[in-house]
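Trainee: Residue numbers (the working numbering), protein chains in the order written: chain Y, 25 to 137; chain Z, 3 to 117.
In case anyone wonders, no lab produced these hints; they're calculated from the structure.
Here the structure is a predicted model, which is why all the values come from computation and not from measurement.
A portion of the hints provided could be inaccurate.
[Unchecked claim] Among the chain Y residues that face chain Z by a calculated CB cut under 7 Å, a handful are: (1) Tyr52; (2) Phe70; (3) Leu72; (4) Glu76; (5) Pro106; (6) Ser117; (7) Phe127; (8) Lys129; (9) Pro137.
[What the hints assert, rightly or not] Example chain Z residues on the side facing chain Y (calculated, C-beta under 8 Å, incomplete): (10) Ser4; (11) Gly44; (12) Phe47; (13) Ile62; (14) Phe66; (15) Gln69; (16) Pro72; (17) Gln106; (18) Gly109.
[Unchecked claim] From the derived model, a few chain Z residues whose C-beta atoms are all more than 10 Å from chain Y: (19) Leu45; (20) Gln46; (21) Ile49; (22) Glu64; (23) Ser67; (24) Leu90; (25) Glu104.
Using N, Cα and C, we set each Cβ at its ideal position, and we do this for glycine too.
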Amino acid sequence: SQKIEQNSEALNIQEGKTATLTCNYTNYSPAYLQWYRQDPGRGPVFLLLIRENEKEKRKERLKVTFDTTLKQSLFHITASQPADSATYLCALSSGGGADGLTFGKGTHLIIQP
Amino acid sequence: DSGVTQTPKHLITATGQRVTLRCSPRSGDLSVYWYQQSLDQGLQFLIQYYNGEERAKGNILERFSAQQFPDLHSELNLSSLELGDSALYFCASSAPLAGDQETQYFGPGTRLLVL
């Protein structure tokens with residue numbers, strides 16, 4: 025069955041450093057991979073989408089890479105700030121808008137001042 | 003604010019009961035998705051509707067059902083509730099245009115507690 029693995033342990037990063045989160049998947053050939061941010065008790069918020077034929081995508085301090093051979097995505101937050109503290113979810117989809125997203129369980133990121 | 007609204011925000015009920023959760027998608031969005039989030043299972047896709055028609059089904063129990071109305075709002079009906087149905091239920095919507103439809107915009111959720 026499809027499986028998405030994200031760091032289950034909380035990730036503690038010092039303010040100003042780069043945070044790197046990992047998403048690995050098995051038994052899946054996604055056309056799209058997305059990253060969402062979720063704060064406690066709130067709905068996920070879309071951050072970045074990368075397609076299977078793209079290697080890297082950037083948006084302001086965020087960068088995502090997608091390696092379909094390794095079946096892995098890396099999500100980077102540069103110059104991290106305490107406000108970046110949240111749970112980050114990796115999500116996969118087959119494309120065509122005709123299915124729901126398959127989410128990992130998320131990585132809890134803590135940026136310490 | 004994503005533009006997706008959900009009511010009620012909180013719901014407390016008893017085992018065996020039935021509840022209805024309501025969602026209004028972003029203006030212009032035709033797709034509505036329902037997700038369940040529990041501590042042990044994470045965020046799980048339940049069902050998708052597109053312009054009134056069921057389009058995809060995920061891990062939705064037979065006790066659960068949904069529909070999308072002509073004004074595009076959607077309702078998720080949960081019946082014969084069990085303790086294990088206690089969770090956060092999210093609704094999401096996506097744009098109708100190809101290329102934009104992969105990104106989903108989530109509502110604030112309904113927290114259901116079954117006692």
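Trainee: Determine for every hint whether it applies to the structure shown.
Mentor: Hints and how they fare:
1. Tyr52: violated (14 Å)
2. Phe70: It holds, given that the least Cβ distance between Phe70(Y) and chain Z is near 5 Å, below 7 Å.
3. Leu72: Not OK, violated: Leu72(Y) not within 7 Å of chain Z, min 10 Å.
4. Glu76: violated (12 Å)
5. Pro106: violated (22 Å)
6. Ser117: holds (6 Å)
7. Phe127: holds (4 Å)
8. Lys129: For Lys129(Y), the interface hint holds, since the closest Cβ of chain Z sits about 4 Å away, which is under 7 Å.
9. Pro137: Violated, because the Cβ-Cβ distance from Pro137(Y) to chain Z comes to roughly 28 Å (cut-off 7 Å).
10. Ser4: holds (7 Å)
11. Gly44: Nearest chain Y Cβ about 4 Å off; hint holds.
12. Phe47: Phe47(Z) check passes; min Cβ-Cβ to chain Y is 3 Å, inside 8 Å.
13. Ile62: Result: violated, 10 Å to nearest chain Y Cβ.
14. Phe66: violated (14 Å)
15. Gln69: Violated, because the Cβ-Cβ distance from Gln69(Z) to chain Y comes to roughly 17 Å (cut-off 8 Å).
16. Pro72: Result: violated, 20 Å to nearest chain Y Cβ.
17. Gln106: holds (6 Å)
18. Gly109: Where the cut-off is 8 Å and the nearest Cβ of chain Y is about 6 Å from Gly109(Z), the hint holds.
19. Leu45: Its Cβ does come within 10 Å of chain Y, the nearest being 4 Å, so this is violated.
20. Gln46: The claim is violated: Gln46(Z) sits with its nearest Cβ about 8 Å from chain Y, within 10 Å.
21. Ile49: violated (8 Å)
22. Glu64: Holds, because the least Cβ-Cβ distance between Glu64(Z) and chain Y comes to about 18 Å, which exceeds 10 Å.
23. Ser67: Correct as stated: the minimum Cβ-Cβ distance to chain Y is 16 Å, above 10 Å.
24. Leu90: violated (8 Å)
25. Glu104: Incorrect as stated: the minimum Cβ-Cβ distance to chain Y is 5 Å, not above 10 Å.
Violated hints, in rising order: 1, 3, 4, 5, 9, 13, 14, 15, 16, 19, 20, 21, 24, 25; the structure is consistent with all others.
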